[in-house]
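J.: These are the residues of each chain, in order.
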Amino acid sequence: MEIVISNLVKNYGQHRVLEIEELKIARGSFCGIMGPNGAGKSTLVKILGGLDGVTSGKIYYDGKESSGDVYQNMTVVFQKPYLLRDTVFYNIAYPLMLRKVAKKEIETRVRQLAEEMAMEDLLYRKAWTLSGGEAQKVALARALVFKPALLLLDEPTANIDPASMVVMESMIKQANAKEGTTILLVTHHIHQAKRLCGDIVFMDKGKVEEFGEMREVIFSPRNIKTKWFMEGEIII
Amino acid sequence: MEIVISNLVKNYGQHRVLEIEELKIARGSFCGIMGPNGAGKSTLVKILGGLDGVTSGKIYYDGKESSGDVYQNMTVVFQKPYLLRDTVFYNIAYPLMLRKVAKKEIETRVRQLAEEMAMEDLLYRKAWTLSGGEAQKVALARALVFKPALLLLDEPTANIDPASMVVMESMIKQANAKEGTTILLVTHHIHQAKRLCGDIVFMDKGKVEEFGEMREVIFSPRNIKTKWFMEGEIII
Amino acid sequence: KTEKAQEGVHIGENPPVIMATTTSTENSGLLDDLLSKFKEDTGIEVKVIAVGTGQALKLGENGEADVLLVHAKASEEEFVKAGHGLQRFDVMYNDFVLIGPKDDPLKIKERAGQDIVRAVTIIAVKKGKFISRGDDSGTHQAELKYWEMAGIAPQGNWYISAGKGMGETILIANEMLGYTLSDRATYLSMRDKIDLQIVVEGDSKLYNQYGIIAVNPDKNDRINHEGAQQLIRWILSEKGQKLIGAFGKDSYGQSLFIPNAE
Amino acid sequence: MREILEGCKQAIILLLSFDQEVYSIIFLSLYVSLMATFFATLLAIPVGILLGIKDFQWKNIVIRFVYTLMSLPPVIAGLVVFLLISRKGPFGFLGLVYTPTAMIIAQTCLVIPIITGIVYNGTKEKGKTVQILAKTLGADSRHTLLLLMKELRIDILTGIVTGYGRAVSEVGAVMIVGGNIKGHTRVMTTTITMLQSMGNYEMAIALGMVLLGISFTVNTILYYYQRGE
Amino acid sequence: MREILEGCKQAIILLLSFDQEVYSIIFLSLYVSLMATFFATLLAIPVGILLGIKDFQWKNIVIRFVYTLMSLPPVIAGLVVFLLISRKGPFGFLGLVYTPTAMIIAQTCLVIPIITGIVYNGTKEKGKTVQILAKTLGADSRHTLLLLMKELRIDILTGIVTGYGRAVSEVGAVMIVGGNIKGHTRVMTTTITMLQSMGNYEMAIALGMVLLGISFTVNTILYYYQRGE
Ligand SMILES: Nc1ncnc2c1ncn2[C@@H]1O[C@H](COP(=O)(O)OP(=O)(O)OP(=O)(O)O)[C@@H](O)[C@H]1O
Ligand SMILES: Nc1ncnc2c1ncn2[C@@H]1O[C@H](COP(=O)(O)OP(=O)(O)OP(=O)(O)O)[C@@H](O)[C@H]1O
Ligand SMILES: [Mg+2]
Ligand SMILES: [Mg+2]
Chain A
1049 MEIVISNLVK NYGQHRVLEI EELKIARGSF CGIMGPNGAG KSTLVKILGG LDGVTSGKIY
1109 YDGKESSGDV YQNMTVVFQK PYLLRDTVFY NIAYPLMLRK VAKKEIETRV RQLAEEMAME
1169 DLLYRKAWTL SGGEAQKVAL ARALVFKPAL LLLDEPTANI DPASMVVMES MIKQANAKEG
1229 TTILLVTHHI HQAKRLCGDI VFMDKGKVEE FGEMREVIFS PRNIKTKWFM EGEIII
Chain B
1049 MEIVISNLVK NYGQHRVLEI EELKIARGSF CGIMGPNGAG KSTLVKILGG LDGVTSGKIY
1109 YDGKESSGDV YQNMTVVFQK PYLLRDTVFY NIAYPLMLRK VAKKEIETRV RQLAEEMAME
1169 DLLYRKAWTL SGGEAQKVAL ARALVFKPAL LLLDEPTANI DPASMVVMES MIKQANAKEG
1229 TTILLVTHHI HQAKRLCGDI VFMDKGKVEE FGEMREVIFS PRNIKTKWFM EGEIII
Chain C
430 KTEKAQEGVH IGENPPVIMA TTTSTENSGL LDDLLSKFKE DTGIEVKVIA VGTGQALKLG
490 ENGEADVLLV HAKASEEEFV KAGHGLQRFD VMYNDFVLIG PKDDPLKIKE RAGQDIVRAV
550 TIIAVKKGKF ISRGDDSGTH QAELKYWEMA GIAPQGNWYI SAGKGMGETI LIANEMLGYT
610 LSDRATYLSM RDKIDLQIVV EGDSKLYNQY GIIAVNPDKN DRINHEGAQQ LIRWILSEKG
670 QKLIGAFGKD SYGQSLFIPN AE
Chain D
-17 MREILEGCKQ AIILLLSFDQ EVYSIIFLSL YVSLMATFFA TLLAIPVGIL LGIKDFQWKN
43 IVIRFVYTLM SLPPVIAGLV VFLLISRKGP FGFLGLVYTP TAMIIAQTCL VIPIITGIVY
103 NGTKEKGKTV QILAKTLGAD SRHTLLLLMK ELRIDILTGI VTGYGRAVSE VGAVMIVGGN
163 IKGHTRVMTT TITMLQSMGN YEMAIALGMV LLGISFTVNT ILYYYQRGE
Chain E
-17 MREILEGCKQ AIILLLSFDQ EVYSIIFLSL YVSLMATFFA TLLAIPVGIL LGIKDFQWKN
43 IVIRFVYTLM SLPPVIAGLV VFLLISRKGP FGFLGLVYTP TAMIIAQTCL VIPIITGIVY
103 NGTKEKGKTV QILAKTLGAD SRHTLLLLMK ELRIDILTGI VTGYGRAVSE VGAVMIVGGN
163 IKGHTRVMTT TITMLQSMGN YEMAIALGMV LLGISFTVNT ILYYYQRGE
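Protein chains in written order, with our numbering: chain A, 1049 to 1284; chain B, 1049 to 1284; chain C, 430 to 691; chain D, -17 to 211; chain E, -17 to 211.
To be clear, the hints were calculated from the coordinates, so they are not data collected in a lab. Mixed in with the good hints, there may be bad ones.
25 Å max Cα-Cα, derived DSS-like pairs, lysine-lysine [said to hold, decoys possible]:
1. D:Lys110 x B:Lys1174
2. C:Lys510 x C:Lys536
3. E:Lys132 x D:Lys110
4. D:Lys70 x B:Lys1128
5. E:Lys164 x D:Lys106
6. B:Lys1195 x B:Lys1112
7. E:Lys41 x B:Lys1128
8. E:Lys36 x B:Lys1128
9. C:Lys558 x D:Lys110
10. B:Lys1128 x E:Lys106
11. C:Lys538 x C:Lys558
12. E:Lys106 x B:Lys1094
13. E:Lys164 x B:Lys1094
14. B:Lys1174 x A:Lys1174
15. A:Lys1174 x D:Lys108
16. E:Lys164 x C:Lys622
17. E:Lys132 x C:Lys468
18. D:Lys70 x C:Lys531
19. D:Lys70 x E:Lys110
20. D:Lys106 x E:Lys70
21. A:Lys1253 x B:Lys1174
22. E:Lys106 x A:Lys1128
23. E:Lys36 x B:Lys1151
24. E:Lys164 x D:Lys108
25. A:Lys1128 x D:Lys36
26. B:Lys1174 x D:Lys108
Treat the numbers as computed from the prediction; the structure is a model and nothing was measured.
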């Protein structure tokens, strides 16, 4: 799915948190969003997912303005995952149930996905008893299971252990490579960005400071703010 | 504060999530806790903080069993921070207000800490409007402000940007070095562990698999599970 | 005496009297009129608790009220005999009336004339709707007496036992277009709001005697016996009796209660 | 004091007597209040949830209105329903007055704002989050509503229990529209009031105990259902 | 129908007439219910919070008991209080029967379980988290309670409003212990009931409107207070 943002402004009361003149994310691209805390990354993701209104400006998905159809075909994984008060299985199966997939097939697809993500043993646990990282895994699985055209991921691996991180990154990468899913990934982890992203958006104080090819933004940014940020990242 | 754990067992229903025969954390040490998701790290932290009961076993703080006095002198920063429904200033000032510090001094200390952590502009924001990383910063500031003898930190920098991470790490390090605060830090970030910790506890499936000097546990672990985990970490 | 004054609430004033009475008496407005004049005369305030007859007697029996004004002669006499009250005095009477729909579907007015027993017999035979108070009140007791005289045990779908006060029972009769027995005062006070008319009146069996009883002061030391006695004396006095006789003349053109103290 | 103790004893005797009249009163009470709660729930759950997640003009006023109606005196609810269905009222031709149906209608009116208010309160807190999640997973509005009902089930349950408690314990509305007619519209609370007005305190308390006993049973059942979580 | 419209008109006339009796009835209603809510709150908030955060034996039973008492019929509350404070009762020496104080006591009993139940519900959800946080920051039990009250203020407010709504709209309890004595213990609901039983529907509805108008005002004030968040 191609996304075009034009003259987007978002205020909370007096406080302006987003101001983006233009941004175009190509269909099938894997785009990282980086920037300091409070830069407006989560707000941008929420707006793109249709979960928060804009103060002014427009967003076009494949040339069309947002509509029910568009939202049917994308999903968001939040920074703080919210799981349904039911089993892990139910959480992952839910999007498939909505899409009236046959019961048998749901069973197969959920099980297969759980195996690939090494979390079969969690399937019949109640969602509210999971550890922080386990909950994040379930939220990602729930987003991947129905193969949406656009995937908005807000720090999806912040609480994930390294072994699981490898698995999760490969799952995300696969979705982009195999299914052609357009992916926006918010991350503070420069190594992760390097491993996964084709493009990077660097944001600060609600504005897009730099947008371009990953290697360029990370290793030879034009913008001085970006440079400082990335240098800090690399040291860490 | 010295901590001695002896024969600790914690079950949730049928599910055994912790089983630690013995673990001794020396006064003034900086001890990292690492391990895969669901290993029981957060559960251990909660139990040490007196926030959850044990199924069996004992914990000694400076030789004494837990009591009100002990809890007065330690604090926990949770994986999912909970901020009070008030301003950021109130959140940071609250532990000082509890300790009947004079109003003037509270003002000075909160402002100073906020400056050191580069978050003066957040002080009069309502806590529930903060971004994920901002909230984590406030939770850490609230824990540092009253200089407790024991600091239990559960992935305190998971959502923090690199520049802020440098600041926060130096604040934590300072607390350990200057005030002699004993620190337990749960982290998935091997570079962070390398930068900060003196010792490392490696946990898996509720058990302590390895405990020792940081360099030894990370670079030449005796245990094969630890080795695999750390190798994954280093690559990432 | 000084002890009572020290309770603080009524210093320099006579303590109030609690009168338990029936809702029908209170709803007629008589007591408002009468007792405000009593207060002018004696400085004693009367607090009126309007409840069902059964509860009024119970309040007397338990010593919660100081004086009772009710209209269930048999129960009242029993009450005095059991030692709960000192003496019962006749105060006044009004009369019961049988009321029913304006078109009088059972033609009771023609066929029974003034005879209440005949009227209830017709209702029972024709199974006309009859609403009974069913709450053991004075009116209910009177109604049961008429059935007994007619040799009928009222039962069946036509006989509706409401378990309610007078006003509400009339409202039910009005809504269901049935017959019911009411005291004249309550009927008159509600006449404009309902589509019911009097079908039987004037039978001597329909007289509704009110009595006043001072509660036995031995029950507890909080009973204001003196005030109660004063109230009784005043109501039975010429002045009180005259006021009772005059009440209602302006609004209804007729006396609602006829004083008959001896 | 004696009456209270005596009342407790009588309550047991009453239940063990298997008196048909007593049981039919108990049964009618339960029937009327459960039906009223049921119908109120049908309307109140969707309305409460929509109030919680949708923004519209006048929303504030509507909500304050609902809160206000939560403290609607039963007598007024009863009276208004009575005037509407009475012989001369606009719905008089239905002949509903002094029937159990009328009692159900009056209690339904009383309970709707209570359940609506409680469901709205629950929805306000986490409804938006659930709605957003449902949207991101591709739910249409019907499925969103179903999901909200599932996630808010504890709040909904609290609302239903509170509403039922209000219905079964109120007397003002059923007294006016039902008329406390023996064998037809006599329920526990109207009987208690009647007994009390007849000075029969023991029996009044005994029936009150029975009423509370039933509420306790209902709560216990719901408690075990809830604990399954 | 006509009566309902007429009632609305009368409500306005009533208020504008500045009739002293009407105003004293309104004032007494507010006084009794506010005092009852106030005393009930003093007890119910700490109890509700403690129930929410402490674990102890028999806790389940206590909670089901509180929930059950939330649907205590006012008549029963009134009757029990009446029997306790009546001249013959154990507290008869206080001379409270048929006074506004008695009405406050009866309504307090009625409202305590309602506020307790609602506060408990709120505490159950996030009380543990707040308590834990307070502990980690070094609060003693007094400060923990204060912090809980601060964090749970919306739930507490809901409880108080619901409790007050229940108190001001109930008639069974105040009727029995107060006696509806003209000029002494006559409140809005007892007057409404009396008017209704006399078939004076317009005035009954008019007073009902006034009662709802007051509730609406209370809700509006609380609404603006809450919005400050
Ligand atoms: N309701 C609100 N009212 C006022 N300000 C808000 C509100 N919600 C968010 N903000 C502010 O908007 C800014 C952007 O927030 P956002 O959550 O998008 O940041 P972010 O880039 O995701 O940060 P992080 O890396 O910490 O997650 C922050 O400064 C935040 O405090
Ligand atoms: N209430 C509960 N009931 C059952 N199991 C629970 C409960 N709470 C936690 N657990 C389980 O206990 C185990 C340990 O959880 P814990 O939160 O301590 O893990 P962790 O090491 O902190 O993981 P992470 O790195 O993901 O935060 C997990 O498998 C978790 O699912
Ligand atoms: Mg964010
Ligand atoms: Mg954890």
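J.: Provide an ascending list of the numbers of those earlier hints which the structure does not satisfy.
T.: Hints 2, 4, 5, 7, 9, 13, 14, 17, 19, 20, 23 and 24 not satisfied by this model.
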